[in-house]
Amino acid sequence: MYIIIVGASKAGVNLAKTLLSGGHEVTIIDQDKAKVTLLSETFGDAIMLGNGANASVLKVAGANRANVVAALTGDDATNLVICQLTKLMFMTPRTISRVSDPANEEIFQSIGVDATINSTRILNYLIEEQVQAGDVVVPLFPLKGGDVELVQVDVPRGSYIIDKKIKDLGLPEGIIIVSIYREDKTLIPKGETIFKQNDEVIAIVKKEHIDKIQQLFKGS
Amino acid sequence: MRVVIIGSGRLGSRLVSVFSKRGDSVLVLEQNESKFMYIEDKQGVEFLVGDSTDEKIIRQALKKPADLVLVVTGNDYTNIMIAQKIKLVDKTIKVIMRLFDINLVTVYTELGIEVVCPTSLTIDALLKMPGLS
Numbered sequence: 001m002y003i004i005i006v007g008a009s010k011a012g013v014n015l016a017k018t019l020l021s022g023g024h025e026v027t028i029i030d031q032d033k034a035k036v037t038l039l040s041e042t043f044g045d046a047i048m049l050g051n052g053a054n055a056s057v058l059k060v061a062g063a064n065r066a067n068v069v070a071a072l073t074g075d076d077a078t079n080l081v082i083c084q085l086t087k088l089m090f091m092t093p094r095t096i097s098r099v100s101d102p103a104n105e106e107i108f109q110s111i112g113v114d115a116t117i118n119s120t121r122i123l124n125y126l127i128e129e130q131v132q133a134g135d136v137v138v139p140l141f142p143l144k145g146g147d148v149e150l151v152q153v154d155v156p157r158g159s160y161i162i163d164k165k166i167k168d169l170g171l172p173e174g175i176i177i178v179s180i181y182r183e184d185k186t187l188i189p190k191g192e193t194i195f196k197q198n199d200e201v202i203a204i205v206k207k208e209h210i211d212k213i214q215q216l217f218k219g220s
Numbered sequence: 221m222r223v224v225i226i227g228s229g230r231l232g233s234r235l236v237s238v239f240s241k242r243g244d245s246v247l248v249l250e251q252n253e254s255k256f257m258y259i260e261d262k263q264g265v266e267f268l269v270g271d272s273t274d275e276k277i278i279r280q281a282l283k284k285p286a287d288l289v290l291v292v293t294g295n296d297y298t299n300i301m302i303a304q305k306i307k308l309v310d311k312t313i314k315v316i317m318r319l320f321d322i323n324l325v326t327v328y329t330e331l332g333i334e335v336v337c338p339t340s341l342t343i344d345a346l347l348k349m350p351g352l353s
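Line by line, the protein sequences give chains Y and L. Using my numbering, the first residue of the first sequence is number 1, and each one after it goes up by one. Using my numbering, the first residue of the second sequence is number 221, and each one after it goes up by one.
Extracted from the complex, chain L is given alone in its bound form:
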């Protein structure tokens, strides 16, 4: 599978390693080149430096057709902008974005973009802990 990961922070850098270890072909797009150093396993990974809200850069990242795009910069609003721009470039592509703000999750799920929300995952996990359920 071809996976494009946008944002190489704490989450993105880890995802790069996870997918590339699994044998997937991975491209990581990040504005700040120095963040690539968080990636532990760089072998076979393609790196692209650029502004991920820029449509030209998005097209460049999607030059080889991707099966999955993960939008995981640290900023909800940036992720939303990027995810929707990707959908404008190719509306069939599977895009999943990370959003911290639970209220926004409802809005964008309704709009047909898949969302992972660490906030609600944390709440769920907490509630499943012994003594809290």
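Chain Y on its own, in the form it takes in the complex:
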């Protein structure tokens, strides 16, 4: 697959790395010259400088042969234009977009963006195949300050936590379970909530506890 990622945010960069290591072809577009210069050490020709909402830039990036365009800038309006432009001018089969303001999800849906997804979901969506269920804690975003991360971890078969209540897990203070994605619904968990197999769990975790959460969730 050929994937164009607009916006060299942390999410964009990590996504690009995952896709490249999975053997896909990737181009990252960002208009911050300093950032592009820095990242070109890692990405070489796979990163280019430019405004990814500009048709000429997208053309140079090869938008007409891209299978997926991922609009990952921090600005919803820019992402909207990227998706519409690539769909209409370059007939991109699949466009996905980061939507920072949930109130904007409706407009993205109404104009036919294939996936209206928050940044967390984008990563999940694209790296699904690369991630072995349950044996990795996927870091999504480092939070400000640096030692706390937003992570995703799935509940594999045989995991210790299946059928256990959150409050009975004895989680240390540095781990907060934020949401559970189960059967197309996102649950906001309480202490009484019970984990099921295949749950996709989003958690805020202090870095020192990442091993702990990995252990808890580990499958058989």
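For the record, the hints were derived by calculation from the structure and aren't laboratory data. Please note that the accuracy of each hint is not assured.
Unchecked claim - Below, computed lysine-lysine pairings styled on BS3-like, alpha-carbon distance capped at 27 Å: (1) Y:K87 with Y:K167; (2) L:K348 with Y:K87; (3) L:K284 with Y:K87; (4) Y:K87 with L:K262; (5) Y:K207 with Y:K165; (6) Y:K206 with Y:K17.
With chain Y fixed as given, assemble chain L onto it according to the hints.
Positioned in the frame of chain Y, the structure of chain L alone reads:
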């Protein structure tokens, strides 16, 4: 005629005066209140301060049915977002937006939103000047 103008920069502030002098009822929506000072003729003009990409604010601006909405903030992408949100609120309303990027004009004209493009107007005007045609 009832006209809603979104964005009170160099273009928007001038449009407010033009339409209100013509006798139209004008509401201007702008995020940055200090920009209202660019409007020379404020008499009879309604002012609304708020984020014009926010659907609630858009609804508020359109509370009195408008005949025309002009979307003229300085940012193409913002204008596109606003224009399409207005169409979601009321798809019959006449919306015209300003876009600088000529490539985007084609896309959004195809999508049924009216566009004015200063870039292409400037090119046309230049080409009509003596010695250039």
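Outcome of the hint check:
no., hint, verdict
1, Y:K87 with Y:K167, "46 Å, violated"
2, L:K348 with Y:K87, "35 Å, violated"
3, L:K284 with Y:K87, "35 Å, violated"
4, Y:K87 with L:K262, "42 Å, violated"
5, Y:K207 with Y:K165, "23 Å, holds"
6, Y:K206 with Y:K17, "23 Å, holds"
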